[in-house]
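A.B. asks: In the order they appear, the protein sequences are chains P and S. Residue numbering for the first sequence follows this note's numbering, beginning at 1 and increasing consecutively. Residue numbering for the second sequence follows this note's numbering, beginning at 1 and increasing consecutively.
These are calculated hints, taken from the structure and not from any lab test. Since the structure is predicted, the reported quantities are computational estimates derived from the model, not experimental observations. Among the hints, erroneous ones may be present.
A pair counts as met if it fits within one copy or between any two copies, since identical chains are not told apart.
Below are the DSBU-like pairs computed for lysine-lysine, each with C-alpha atoms no more than 30 Å apart in a straight line [unchecked claim]:
1) LYS60 x LYS644
2) LYS648 x LYS60
3) LYS612 x LYS648
4) LYS644 x LYS453
5) LYS644 x LYS612
2 protein chains.
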Amino acid sequence: MVVNNKVDSLSYDVEAPPPQGASAGSAAAAAPPPAPAHHHAHAPAAPVMREGTAVMELHKVSLPERRSTVKALRQRLAEVLFPDDPLHQFKNQSSARRLVLALQYFFPIFQWGSAYSPRLLRSDLIAGLTIASLAIPQPGGARRAITNTVHVLAVQGISYAKLANLPPIIGLYSSFVPPLIYSLLGSSRDLAVGPVSIASLVMGSMLREAVSPDDQPILYLQLAFTATFFAGVFQASLGFLRLGFIVDFLSKATLTGFMGGAAIIVSLQQLKGLLGIVHFTSHMGFIDVMRSVFKRHDEWEWQTIVMGTAFLAILLLTRQISARNPKLFWISAGAPLASVIISTILSFIWKSHSISVIGILPRGVNPPSANMLTFNGSYVALTIKTGIMTGILSLTEGIAVGRTFASINNYQVDGNKEMMAIGIMNMAGSCASCYVTTGSFSRSAVNYSAGCKTAVSNIVMAAAVLVTLLFLMPLFHYTPNVILSAIIITAVVGLIDVRGAAKLWKVDKLDFLACMAAFLGVLLVSVQMGLAIAVGISLFKILLQVTRPNMVVKGLVPGTQTYRSVVQYREAVRVPAFLVVGVESAIYFTNSMYLVERVMRYLRDEEEMALKSNQSSIRCVVLDMSAVAAIDTSGLDALSELKKILDKRNIELVLANPVGSVAERMFNSAVGETFGSDRLFFSVAEAVAAGACKAQP
Amino acid sequence: MVVNNKVDSLSYDVEAPPPQGASAGSAAAAAPPPAPAHHHAHAPAAPVMREGTAVMELHKVSLPERRSTVKALRQRLAEVLFPDDPLHQFKNQSSARRLVLALQYFFPIFQWGSAYSPRLLRSDLIAGLTIASLAIPQPGGARRAITNTVHVLAVQGISYAKLANLPPIIGLYSSFVPPLIYSLLGSSRDLAVGPVSIASLVMGSMLREAVSPDDQPILYLQLAFTATFFAGVFQASLGFLRLGFIVDFLSKATLTGFMGGAAIIVSLQQLKGLLGIVHFTSHMGFIDVMRSVFKRHDEWEWQTIVMGTAFLAILLLTRQISARNPKLFWISAGAPLASVIISTILSFIWKSHSISVIGILPRGVNPPSANMLTFNGSYVALTIKTGIMTGILSLTEGIAVGRTFASINNYQVDGNKEMMAIGIMNMAGSCASCYVTTGSFSRSAVNYSAGCKTAVSNIVMAAAVLVTLLFLMPLFHYTPNVILSAIIITAVVGLIDVRGAAKLWKVDKLDFLACMAAFLGVLLVSVQMGLAIAVGISLFKILLQVTRPNMVVKGLVPGTQTYRSVVQYREAVRVPAFLVVGVESAIYFTNSMYLVERVMRYLRDEEEMALKSNQSSIRCVVLDMSAVAAIDTSGLDALSELKKILDKRNIELVLANPVGSVAERMFNSAVGETFGSDRLFFSVAEAVAAGACKAQP
């Protein structure tokens, strides 16, 4: 039945099942496509071409369904702005149900709240108290995450506030209100909210360049709250305008370098506390700080230095122990709280005046701070800039953390909705004495491994902070500042990801370059410049790839009808008289000229090779468009031009397998007519077969 | 022989020719690949898989040859910086021959000079004199190009100099020295060199904002020469550093909008001359100019207005006539010179003092101007900026024109070498009283259609200008300025390409947006801002395409073993229990998250569909990587994450046809191990076949 007619041996017999050649037969056997008899209803096959014994049925290149401009634009916009199709669940629902769904959409608490049970509460309670204290080591699961988590919540809040040059109490306030708000609005079950190191650092660095937190503490605090407000506005509008993809422009490589640099900057800032220096530089750069450290060596305090280095050594040691032996992870998890307790007791007994302590912290919950927001005056530009920078950085961390845990637990987090939740949280926070907060990786890791089930764990955590605020504040009186510096250094040292950088070097040199640019930029120039340079390099890398796209000569892989790169598949053989070139990028104005020149270069090389080996010269160039995802007007012009040039040399140019949008554009412009349906082929194999027919008249 | 064994019916018999199924057989028949018996030498086929009657031989995914880091980097750099392989001709040559080739490489005149003949000289002589006079209409060939060319050389030089607010004589000087230098260094045979409208306009606009050409003519001239020098330095260094691809970032859409806006700006500036206004605004913006025109209506000069509008009407009319009837192209080609002659005679007879005339032009060749270059003082930043802007714009025009004519005449122009030639020409020009020059489209079109053969036509043109400079200068004394304004307007009106913009709208809405942004930006804000906005939009468009790549669900096209988009090929059928997704972009940090989410969304939709139609649910996701040209570390992580998520749902994730660089990266990172060789397939068809085998235990 299959191979009995010599003339028809290569054409498909549409009444019978497809011929059992190559792998399609197997695929079809595994899953027979329905109704093979009518498969050409939409795109009737071209007339069968006959040439001696070589006969093949040619398939037409199809166009996608014709859409109006408005519809095409709407679909494109929907894909850019609503890639997650958030309204999907509203389809085919009654209006009452839609209302409920809408309520649940905007306040996820209604979604999980109705199914909330004592059993879930128990899990959340444990998790919430765990993040709040971090004193209860949890065995099993996500140990590495905990190992990285060396922050005690209270200590963490206070330390990060110091990183932002803010009074320590602000750090505690920021661990109370934002988690409450997030538990109402947030869609992640695992995200634990609080201040984070990077955003604190950037805020501190940017505001401090303009206002000294020591000389004008009130103004500084005002600016910090205002910047937090702007950060919230920026975050919420990004989410509202569905522009969440902007955070995707911060690549992992960039962040690796940025965090490494920031960690060193942060550690250097701690030299102030570790050495007991009173008059410290307000700049963040490596050189400024080192100069300041050595210029002020008369202020170095030996008692502080001894205590600081001792505890720093202990903390780093516990970190090492836990890293070596994951079973002992609780050592590094408990060490910071233990250090705080021991050092506070020591300092209480010692009562040395040369060791600076946190001092009196006001008891009571967050005072309102809406009246401290300042929208006029000369600092508006600064606060907006700081707000945008800290806003985007904290969003990046929050979204990444939320997505990570969502993917572990197999649920979806709506990035844009998360942005709105985080934004509203920060706007509200700025009116309640909080500075920028977001989903923190370290807290969330603990939260997750302690077995949290819903956002209630955030409420529990807030309640624990409330207790601290109301009753435990005096305990911090004698906590030495130097111990906070030691804890911060231990914490941020974990952000220096040398192994990650090494992996970048191994896998992608340009990513490594972006990483190093961010690292050195942050370290030597400024936090903002470092980030800007790294983002610039990352984007330039993309543009470069589009400007100089991969182009490969393809050959037939023996035993198949597939054409593959002859460099990758060394067994692939060039078909004599044909040059098959695959373009592996969209064809845009940035590469259209290169495309033409590259094809001409391949042609020259192939012709030289053919001349040497006495083979027939190239008569047909097949451009494999399978990987050309898009084409613009310059690209279309380039194709026409290439055709013109090749026509002059009596070489045919045919295109194989243009994808939908490209085929559409070609037919919308004059290029479609230039090539016509007899120069557009379904696949390279068919193009070669048809081209061969024509070239042998 | 082929289909006699039921068990082996789907596997290739390697000793026999490939089975004659589908089109590969036909391709093979047209061009039998050599040595089919040993085609698995490099990538041995995996063991044949047997499953009932479905048996297929699987092909391994190959990696390209292993390269060292240095070699990979070198190849990549070579592709970015030397895409044209300029050293190709030096291969396998003796050292003496190499010296000759090097000399020819740097001074193309040695290449064509040795073969130069009287016959070629005759062609060049005619062409050179034609550009110099434009008075001899040439019948036939490239008529449209000539139709667009309404400039008389002398008039063009003078007019463009006025556009740059420079004394008219500078325009003539700039038509003398640069062509001579280009004829020595340039590699294009057709390029005719001289001042061009856009670069003149931008230089005039940028310098005029800082220095008034009327109040401080000497300073203005110094700045113009210095900017020209910097433009030359910038151009030559771009060429020397092989960074020529930067000019590719100006897309055709951008240039269409930019030129349209610039043409209107230029025309508006001519209102000064047309209305005879003496005190005109120094700004270029639409609003400023219109305000100035109406505020100064007391300065309007009726004699000037009458003369100007009359000649303008005649010039536009001749343009129309030639456009309607290409045979009458000589009317519009000759009209400007005729207008100049007639108006000069009229003005000489009339001797009205109210019509401003060019006046006395100094006789003699270019005076040296090296002493006028100023590198210190407060204007350095301005001249550098102006130099870079005019440099890149004139490069864009020069390279585009050179490439266009090279492709018509089927020779290659080395873009980077051209840049060096143009750069050196401008550096030298700035020392010989010339301002920015480049290859001019209008001149080159005339040059080409007049039959030029080599760069000698540039020498002839320079000689003609020399004669003008030495003997014909007094003739321009009574030429009214208003006539130059009319000629400029007629010339630049041709740059407003409404049809081109309409085509952009039809083919690519985002290109149209970039075009309009450039147009409105130039018109309403400033020339630089318009250009910056348009370039920004063009680049953002590329980034957007990479951020939200096309992703398509693929189905089996009946009668083939090929999987294609089910949206494009409506006859393609989904294989039950399989989800085949094609990614049509490189996978980068900007789209790695989107990729995961989009696949999950497809999965949800497919599962809903399967549920409705009672089909089996998805058991295997095949990611078709054919169109993924590159992947970075974030992309690799995303693949691992997607695998983890799908593993939790008991869905297999397999990859089909990763291209060389992607496969390489996967094996360099841990991702290669995650997927292993049993989850990487040669093609979608094989992946489906193998996946089916596994899923039916």
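A.B. asks: Hint by hint, which ones does this structure get wrong, listed from lowest number up?
C.D. replies: none
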